[in-house]
Amino acid sequence: MTETTPESTLLSRTGELFFRPGKTILTFFEHLGRYMSTIGWMIYNFRNAKEYSGNIIQQMVMIGNNSIPIVLFVSMFVGMVTAVQSSYQLYAWIPRSVVGALVTKSVLLELTPLLTALVLAGKVGATITAELGTMRVTEQIDALEALAFDPISFLITPRVLAGVLMFPILVVFGDLVAILGGMFGASAIAGIPVEAFVDGMKSSFETWDAIFGIIKATVFGFIITSVSCYQGFQVQGGSEGVGKATMNTVVLACLSVVVMDFILASVLL
Amino acid sequence: MIQLTNIWKKFGEKQVHNGVNLEVRDNETLVIIGRSGGGKSVLLKMIIGLIKPDSGSIMVDGKEVASLTYKQLQRLRFKFGFLFQGAALFDSMTVGQNIELALRRHTDYKDADITERVKFALRLVKLENVEHLMPSNISGGMKKRVGLARAIALTPKYMLYDEPTTGLDVETADGINLLINELKTTLGVTSIVVTHDIHSAFVVGDRFAIFENGQFIMTGTKDDIRNSPNPEVRKYIESDIQT
Ligand SMILES: Nc1ncnc2c1ncn2[C@@H]1O[C@H](COP(=O)(O)OP(=O)(O)OP(=O)(O)O)[C@@H](O)[C@H]1O
Ligand SMILES: [Mg+2]
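One line per chain: the protein sequences are B and G, in this order. Mapping the first sequence onto my numbering, position 173 (from 1) lands on 173, and the numbers just tick up by one. Mapping the second sequence onto my numbering, position 216 (from 1) lands on 216, and the numbers just tick up by one.
These are calculated hints, taken from the structure and not from any lab test. Glycine residues also receive a C-beta, built at the ideal position from the N, C-alpha and C atoms. Check before you lean on any hint, since a few could be wrong.
[Unchecked claim] Take a look, some chain G residues computed to stay more than 10 Å from chain B by CB distance:
hint	residue
1	N21
2	D91
3	R117
4	S139
5	G214
[Claimed, not checked] Computed beta-carbon distance windows for the label pairs:
hint	chain 1	residue 1	chain 2	residue 2	range
6	B	R47	G	D108	18 to 28 Å
7	G	D223	B	R47	51 to 61 Å
8	B	I215	G	Q72	39 to 49 Å
9	G	H132	B	V258	42 to 52 Å
10	B	G237	G	E64	28 to 38 Å
11	G	Q97	B	N48	13 to 23 Å
12	B	S37	G	H132	34 to 44 Å
This is chain G alone, in the form it adopts within the complex:
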């Protein structure tokens, strides 16, 4: 379980998070919906200790992230797979090297096992024979898939998806959404998905959290969101109707 309590964070003069509270339950997919520049990516990064909140508590499986030693923090990060907003593939490495990097460092698998594991991860994201390609030579949708394969290579317990479908055409986006659902069932992961695409949100989410002005103004199921009278929430629902 992941629990954020009263998180405050400011960059320079700009207050980005004003007392964020959030709970992610085991085996669910929680979708965070919010406007651009609101601080959603930073929130995901805080969960694995890439950015430190000014105050507040982040508990992962009962452990306070801020109080972990460097070694413990590294171990915590093994539990997470992170799909970055722009996929963040290492552009000096091939697709295969991107995926096997963590396997080589953190496991004692033999070469053959690693090759097998890379193939397995690629197959999960519906890719084949792309190991030798460079990230600069593949499409945006494919980058997201490779980023996904890299994130699941070490079989994480939690997946953090930062805008997995932004910038993709509808068909490719649907493919990614199906993948997210598939990974949930095959790997049994607990996921947080950040998006501002309400359509994708409803495809993958079990619960939804609306992020506005540095806070979650509402969390709930699809019906809770749909029936909410709050105009800030309705704004997102109405945008669904338009698309």
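In isolation and in its complexed conformation, chain B is listed as follows:
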């Protein structure tokens, strides 16, 4: 049951942002507070493994396995584009093997983790929010609670755990495919011999680069799944509310990911 009050029109919403910044900031911190307390509850109840263990495998398949095709597809093209563009940007007198080094570095450090996260913010984030939001508006979450289940442990914990476990694995696969894609792009389009590419790759490879990318993937996995779960849980107002929350999730998850990307780079590199 939704009523269209003047407050809910887009115009006054936008107006609110300018004329009542106090209220907007308050709402933001209210959500942040509730998000944090949801996370806190999840961590506090982590020892009750029987509450969530039954759903983990299913979620790992949903979040992990089902995302493999799109992650590999995106990664391959990212690798190819990086190879083609960096060879285009290099002066003729720079050795061609540098392309191998550039592709490897940028793929491991930045491109695969970030683009995987942005793609999955859409795919995984939207799926989770729509699913949990529907459960919220059809009272399925209330029903779980009424049956003396803890809905946070039962629904949120397995999704967040699956995200934290599967995102790094997806990124490792993505890294490999992106480098292969780079190799292919370099040799097929830019005419750089595979041996030169591999030389550059070897000379520049540092284990830490790969680890940094994996750490990022873990953090992104946590952010995307936890934000989308929170969004799903707080849906109000029927299927319209589910749609709105789903869109908000994708926006919010993408923003959080790029901000966190910057923070992690500043702190860890």
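On the provided structure of chain B, position chain G with the ligands as indicated by the hints.
Same frame as chain B, now just chain G with the ligands:
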């Protein structure tokens, strides 16, 4: 016994409950009648602690719900079976899994016992061999029955029915009403039934409470309601005559 005293609740700017008082006696079926959007569902949810009132007291079997620890609240919820307005079946699970979910978690029954218990609950609601069906593939009336079976699987002491007959045809609705009466006699449950269908109300209810503008404006027996001069109450009786 369930006792609500002076419950106030507001959502945003909207005051939904203005000092609600209500007493539900053991073994009776109390029917709450009121208009759509009045706050009846919220009231039921407050009783098992799904929503917290802003102020006021809710006592179940002598214990104040608001002061319970999380563990105690979980234990309190075992005593309740809740039939939600839209049945609220878990749509990623089969009918059987819906019913056995709580049994698997909260009891140490063996698999065979659980299967037996699921069959028993389904038989009580007059269903058979539907365990493997998905909620999206069954009718509205059947969903309510499965929701009912899920609610009684742990043999509750109290049943909360949120509009058990709304949206069903008369025949199916009558079937559900008979079930409510049957569960009362076979399981000896104390029930609260929320409805805006006065006909169903008179079929299942021992006592009736009329909810208007965030308060109970009247509670009493069928005759008390029928003979009430209060125009707000008469409105509901007259609607019975029309149907
Ligand atoms: N979680 C919530 N957040 C905000 N408002 C809510 C929430 N739950 C209920 N409300 C509001 O409280 C009011 C009462 O809702 P409730 O669902 O209890 O009504 P109802 O009497 O059960 O009506 P119906 O017959 O339509 O089911 C409604 O206006 C609803 O919008
Ligand atoms: Mg309702």
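*Output the numbers, in ascending order, of every earlier hint that fails for this structure.*
2
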